[in-house]
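So the sequences go chain by chain: B and R.
First residue of the first sequence: 40, per our numbering; consecutive thereafter.
First residue of the second sequence: 40, per our numbering; consecutive thereafter.
Just so you know, the hints here were simulated from the structure itself, not pulled from any lab data.
Among these hints, one or two may not hold up.
The list cannot tell twin chains apart, which means a pair is met if one copy fits it or any two copies do.
Derived DSS-like pairs: lysine-lysine, alpha-carbon spacing no greater than 25 Å straight-line [unchecked claim]:
1. LYS263 to LYS357
2. LYS201 to LYS440
3. LYS427 to LYS278
4. LYS263 to LYS188
5. LYS427 to LYS246
6. LYS293 to LYS144
7. LYS409 to LYS174
8. LYS263 to LYS201
9. LYS378 to LYS357
10. LYS144 to LYS239
11. LYS278 to LYS433
12. LYS174 to LYS440
13. LYS427 to LYS174
14. LYS433 to LYS201
15. LYS239 to LYS271
16. LYS440 to LYS378
17. LYS144 to LYS174
18. LYS263 to LYS174
19. LYS239 to LYS409
20. LYS425 to LYS440
21. LYS357 to LYS239
22. LYS239 to LYS378
Below, each chain spelled out in residue letters.
Number of protein chains: 2
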Amino acid sequence: MKEGPVSVAILTIGDEILYGQTLDTNSQWLSAELDTYGFSVVHRATVGDNEPDILQGLADAAARAGIILITGGLGPTADDLTKPCLANYFKVPLKANPAALEDLKALFRQINRELTETNIAQTNLPANAEPIPNKLGTAPGMWIADQGKIYVSMPGVPHEMKGMMTGYVIPRLQEEFHLPVVVHRVVKTIGIGESWLAEKIAPWEQKLPQNIGLAYLPSMGQVKLRLTMMGKDRQQLAKAINEQITALQPYAGKYIYGYDDDEIEQVVGRLLRQQNRTLGTAESCTGGYLAHLITSVAGSSDYFKGSIIAYANEVKEKQLGVNPATLAAHGAVSEATIKEMAVGVCRALGTDAGLATSGIAGPGGGTTEKPVGTIWIAVALGDQVKAKQLNLFKDRLLNIKTTAMATLAMLWRILAE
Amino acid sequence: MKEGPVSVAILTIGDEILYGQTLDTNSQWLSAELDTYGFSVVHRATVGDNEPDILQGLADAAARAGIILITGGLGPTADDLTKPCLANYFKVPLKANPAALEDLKALFRQINRELTETNIAQTNLPANAEPIPNKLGTAPGMWIADQGKIYVSMPGVPHEMKGMMTGYVIPRLQEEFHLPVVVHRVVKTIGIGESWLAEKIAPWEQKLPQNIGLAYLPSMGQVKLRLTMMGKDRQQLAKAINEQITALQPYAGKYIYGYDDDEIEQVVGRLLRQQNRTLGTAESCTGGYLAHLITSVAGSSDYFKGSIIAYANEVKEKQLGVNPATLAAHGAVSEATIKEMAVGVCRALGTDAGLATSGIAGPGGGTTEKPVGTIWIAVALGDQVKAKQLNLFKDRLLNIKTTAMATLAMLWRILAE
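Okay, chain B solo, but in the shape it has when bound (with noise of 0.2 Å):
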């Protein structure tokens, strides 16, 4: 059994993931399952079906990792070099491999098929590989172990490499490495950008254990921090964390909505069924995108009633009993506007809490007053009603997902007071 941290490079084989023709998924799965078990991945690469980049892809691996990973290039047809170049980069023969081709034979009798050429030749192997079982296909997998390092080739099919990691490499690896237990939390914030949650949570930042690994990860109105610890006691590890999860309150308590796998959505959700209230929403510029994120929640259904997506203004009025003088005077995209129509949805369908958006999505629209971007936002709950301008982006998809965001966001604070 060997000591130490456990690095994985992955090499991914294929033309069609270079052009675009398809996205790489296995390369994720891969990182995160092995991530799991306390193993480092530290570099991926992919690289196209010819004998030089593959050899160089193998040769770039072997530097920087001592597990390296390799899926595709496994098919029956001349464009598959995997085997080859495997034989070549070890400088062996391709040989017939009896074991795989018993396994083979296994599974053609359990789907009642007969073996053709083409499937017995999937079995010659580099001379210095184990075959790996593959349940799911004709092509095994190899195991190969050689100058200390292991190289472990799969299929590119996304099942047929997950049943051969799952049910053979995970479970042998763990036989061989001693692995450190890794302990991730994720603490989930929303309504501030990066830089200033950067400046808020510094002091915090400057005394955080050299031990422990902080990441940022902005996306759509959201700052995820990512805290990262790595050793032996999974219980002590966690506590670590922890305690610098409750050092960080003070300083970014008021932004932090949940942690780990939470999403906005689901912790308002949660909120609502826990204070008993029902929700519904009045969207104009978000065109029915916020309902999609509340609706997508599992079990919405116990606290969501419905919405009133109002584009047009006579929608606004008859559905939701926008009163026409408001919008004769201040327009659509007004506050005035927006807190009629968040407290007119909760009218209409009878719910407690009701969330509104109106505003120039883009990218048409916009005036020298309100140019695209400029977008109201209300909450309203019980006798309350919120309402809150946002300026944002050029770019219509982008605003709208803001948008809904931002709403949510709003609700949330309210919730959460």
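For this one, chain B is given, so just place chain R on it according to the hints.
Using the frame of chain B, we list chain R on its own:
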């Protein structure tokens, strides 16, 4: 202007990618986009947020390609190392870049915010870099020409990176390189699965000239066929491809809703505008996602009046006028109810056409009679109302998106007839 094949390497920087916390969709988007313009992506790699790996990644990329595109590591925080690493790699200092600062000031005036010290520090760039304006965020991109190679550094945030590529990087690369002419055309089909489509068009595919590449690109309820030709004369290539598209019509014409950048929601919108018809939606299981698709099209307010998202049965009754007896006798997921919903939304919002969805999106709520994935959709137009049952999957989000797509496909077929 440089001649010959133009190779590109993509370097992605970020621990969150290596740890598998974030799926790298940027590399695929970049690959596909570059392929369209005749560049050849020969290598992709991902390295972590540490200087040795970033420097090695830069050197490896430069050894393989003439253009090196770098994403990630440009945020304002201490774990963002791309700029200092580029400065080290080129042995130049980081210094204040007045042009980048001006761009940032303009952005902040637009969103009406004050610049912080952190924001200003983001405009310090390696001395050999030209700033690339970022219209959607605070981190400028960088364009660096060095020893006959071009390095482009962009943020990892997908919409910021895409904005820079489309608005600046692609046009400038096209000016600097002499590229082979590549003509792609995409034929977009809806309402037929990949293998059924392949069978229908097999006689056409067998006669397709060798120098025209064909790719099947299936996605959510649609299959796109991409035809590609490379050569010297754009007009000649386009003519040859268009002839094949004409030849395809007898085999697949009834499934083709558009070409190239057409989206079904745009095509439906164009038909509604041409026919001077207005639209509304009555959504239960899609929860606003259908309205979101429709309103993601700029100018949709010309024909889209609004929606009633009726999650609760009382909203179906009160807002859409569904008969309580229908709900009691057949349930919310039934042909009778879906038809009343589609007709009801036309009446409530005063629209010519109405779309309706109701079903069990899952994961909960299924019964033996109506398992998860049982969904009804309907289109009302004038005096006509058509309904259809779908039997979909166990996954909530997939069911929501597939249902919205199928409903738009149903409306398209009726409007196009």
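**Request:** Enumerate the violated hints, using their earlier numbering and listing them in ascending order.
**Result:** 1, 3, 4, 5, 6, 11, 15, 19, 21 and 22
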